[in-house]
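Next come the chains, spelled out residue by residue.
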Amino acid sequence: MNTRKTVLIVDDVAINRYLLQDFFENKYDTLLAKDGEEAISLLVENAEEIALVLLDIRMPKKNGFDVLQFMKIHHFLEWIPVIVITGSNDYQDELQAYDFGASDIIHKPFVPQVVMRRAENIMELFARRLNMEKQLELS
Amino acid sequence: MTVEEFYLSVGGDYRMAVATFKTDEKIHKYLKMYLEDEYYDRLSEADKTGDIHEAFEASHALKGVTGMFYLTRLYKAIVELVEQLRAQDKPMDKHLFQKVKEEQQMVVSGIEQIIV
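In order, the protein sequence lines correspond to chains A and B.
Residue 1154 in this note's numbering sits at position 23 of the first sequence, with consecutive numbering throughout.
Residue 31 in this note's numbering sits at position 30 of the second sequence, with consecutive numbering throughout.
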């Protein structure tokens, strides 16, 4: 049985996708999407497996905010945390990302090892929260 | 030319590039991908056609890519261009684009020297 978690990496810049994949694939399965439309398709097809989304904001077709909105409407955000990775320095973009349900925001240029640490912290927190919710339901 | 010498020659930050990519081999691998990257060509095309929106989108993406590589001098030239284009209400500043073009040519020439 495959116990590795899956991370969905969404960025229209190929170098960013492959760089993150390089760092994550030692410990995680990875899925790659080059725009918001692909991201949504992969989310729908693999919702049960995905443990985290690394999401760019400025992308063709559907952007990162569209993906967050989709995830919110379809309740994916209740069990899949999203880290937004953005090149924008606009605080309004950051606030909007948090309003839409992002768990964290990382600015480009990023150091992949730092992204990995923050991703692991957030996945662990989410897992603990979900576990507590399950225990509460059982009691 | 070594990767470190390349970074020195193009005004980049080798220390941060190593922090990002971990090894010279990885930097090498990704610099090859930089040569195949489409965004500079899109920016150049937008300059010819006068498409301000496309120029902003392409320069913004190029800013992200050059930032990831810590190609600092090129990155700074692109940042100026991105800010000039941000409102998308004026044609691309030829002087700023020329500066980007010169820095880009130095980077491409340097990469070609280290990947032979």
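If you're looking for bench data, these hints aren't it; they were derived computationally from the structure.
Since this is a predicted model, take the numbers as computed values, not measurements.
It is possible that part of the hints are untrue.
Calculated cross-link-like contacts (lysine-lysine; reagent style DSS-like; alpha-carbon spacing at most 27 angstroms) [said to hold, decoys possible]:
1. A:K1265 with B:K27
2. B:K49 with A:K1158
3. A:K1203 with B:K95
4. B:K95 with B:K23
Some chain A residues near chain B, calculated using beta-carbon distances under 7 angstroms [to be verified]:
5. I1146
6. G1218
7. K1239
8. P1240
9. V1245
10. V1246
Every residue, glycine too, gets a C-beta built ideally from N, C-alpha and C.
Checked against the structure, which of the hints given earlier come out wrong?
Hints 1, 2, 3, 4, 9 and 10 are the ones this structure does not satisfy, whereas the remaining hints hold.
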